[in-house]
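Full structure from sequences and hints, please.
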Amino acid sequence: MPLRDIAAITGIGETKYCRNAGRSSVSLNVEAALAAIRDAGLQPKDIDGIIALTYGGIVAEDFMTNLGISDLRFSGACPLGGASAVAGLQSAAAMIKAGICRHVLLPAGRNGASGPRVTNIVAAIPQMKVLAEFERPLGVFGPAQFYAPMVRRHMELYGTTSRQLGEIAVTMRRHAMLSDNAIMQKPMTIEDHQASRMIADPLRALDCCIESDGAAAVVVSAADFARDAPNTRVLISGLAEAHPESPSIATQRADLTKLGTAKAAPRAFAMAGVTPSDIDLAELYDCFTYIVLCQLEDLGFCKKGEGGAFVEGGRISLGGALPVNTHGGLLSQAHVSGMNHIVELVRQLRGQGGKAQVKDAELGLVTGYGDFSDASIAIMRRG
Amino acid sequence: MDSAYTGPLPEPTQDSQPYWDGLKRHKLLFQRCVSCGTIRHYPRPMCATCHSMELEWIESRGHGHVHSWAVTHHAFHPSVKDRLPYVMAMVDMEEGVRVNAPLRGCAPEDVSVGLGVSIAFEDVTPDVTFPAFTLA
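Residue numbers (the working numbering), protein chains in the order written: chain A, 1 to 383; chain B, 1 to 136.
Don't read these hints as lab results, they were simulated from the structure.
The reader is advised that the hints may include incorrect statements.
Quick partial rundown of chain A residues pointing at chain B, CB under 10 Å, derived from the structure [what the hints assert, rightly or not]:
id, residue
1, Met128
2, Phe134
3, Phe146
4, Val151
5, Arg153
6, Asp180
7, Pro202
8, Thr251
9, Cys302
10, Lys304
11, Gly305
Quick caveat, the model's predicted, so the values are computed rather than measured.
We treat Cβ as the ideally placed atom computed from N, Cα and C, and that holds for glycine.
Quick look at the structure:
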């Protein structure tokens, strides 16, 4: 398998997550980047590749200029919306395998709460141009509206309920309350979820992720270097990116309940040489509760249509069979385009999970999900 | 038109201009590949089945059944504040493609998978017409 164990995550960094940082997105990004580089035991000049998430106007040049990176050899982009961060891991590993890079920086973050909100900028994203021309004028403006018909279809076909979605929201909140860097700290019950106002039926306010200010970054290094890095090595064993049928808009997708994740999962598991039952914990992109449920199915943790039952009974809680989003996710920690999910998985596999540490976590999975169901998966192991 | 439309307007491209022109004439048009006959939507220059770029525009019979739907309760845009909640219906058209448009004259609790609907046309400005659905 070409990219198996070629690369490792050597550095992680995060700013404080909040609702109003009071400083620029660039400032947040370079702070997180520097923290990740130092965590890897590196200097900024060691970085030879950058895959920047361009949302919020952040570009590789911002990092070169602020960090003093004088000889960058690769500036990449992964335009997959919320799937970009994890897709960036695949690109970084490929650049390392090709011998072009040794240390690739992946930063993400913006002033997502105090700056422009997603609904107001999403139509300007090039990948959203079909939406912008044909559906936005008719009344489809924000992501909750993009995905609500997928949720409704799942409910109609499989009997999935709003309360089951609530189980996911409540679990993420409980996990966030164990973190000292999660924005949402107020306890949540299923009844709170059910009482939250309807946004785009069947999605309620508490089915939607939060919007926040902050940044996160990771450094992906060649596996041979990582053996000598300061922290426990976290190898990237399985990687995949996939794009769904009808990638420009969900409307024309034959099966609305299937994400790109369904194509990516067999590839990522085969590369890593493991199966879903081997996974100790999962950090799943959670822009909406339903996207967690649907990914659990498309990843193969349960069958299509059984996601609702799967998330019940504490299975995805800390202490359950498959702890999910031990940091609280986008739903309750912060929205850092899922870079915070990668950071958290690395922390867990190093044994630095604090109060949310999954006991004996050795093998974990992180996903991205974005635009109209683009998907990315990374399977990582301590080693 | 009840009142002046203040929502976003489409910016047609060379590929989609005939579609918008059709709506203006109260016709819902789909593209059909001249080479293999595949009908496609939304408008685009190439047939993904046979890769022909020869196309013709056919008028939809305007009938379909609800595949899924969403009911918007939140004012994502100031222009929709006065019409909340509204139903957006994803409809399997008889021609085999899907259309996502507002469903008028049907209470949110009365929508269901398989519900029969027909196309309608809403002139939002003197130059622009949007598709919508009504109960069949």
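Tested hints:
Given hint, methionine 128(A) at the interface with chain B, is violated; its Cβ is 13 Å from that chain's nearest Cβ, farther than 10 Å. Here the hint on phenylalanine 134(A) is kept, as its CB sits about 5 Å from the closest CB of chain B, short of 10 Å. Residue-level restraint check for phenylalanine 146(A) holds (minimum Cβ-Cβ distance to chain B is 9 Å; threshold 10 Å). Against a cut-off of 10 Å between C-beta atoms, the interface hint on valine 151(A) holds, since the closest Cβ of chain B lies about 8 Å away.
Checking arginine 153(A) against chain B: minimum C-beta separation of about 4 Å stays under 10 Å; hint holds. A distance limit of 10 Å between C-beta atoms decides the matter here; for aspartate 180(A) the minimum to chain B is near 32 Å, and the interface restraint is violated. Against a cut-off of 10 Å between C-beta atoms, the interface hint on proline 202(A) holds, since the closest Cβ of chain B lies about 8 Å away. At a threshold of 10 Å, the smallest CB-CB gap from threonine 251(A) to chain B is about 5 Å, leaving the interface hint in force.
Taking 10 Å as the C-beta cut-off, the interface hint given for cysteine 302(A) is violated, the closest approach to chain B being about 22 Å. Given the 10 Å rule on beta carbons, the hint for lysine 304(A) is violated: about 16 Å separates it from the nearest Cβ of chain B. Contact between glycine 305(A) and chain B, as hinted, is not supported at the beta carbon level, the nearest pair being about 15 Å apart and thus beyond 10 Å.
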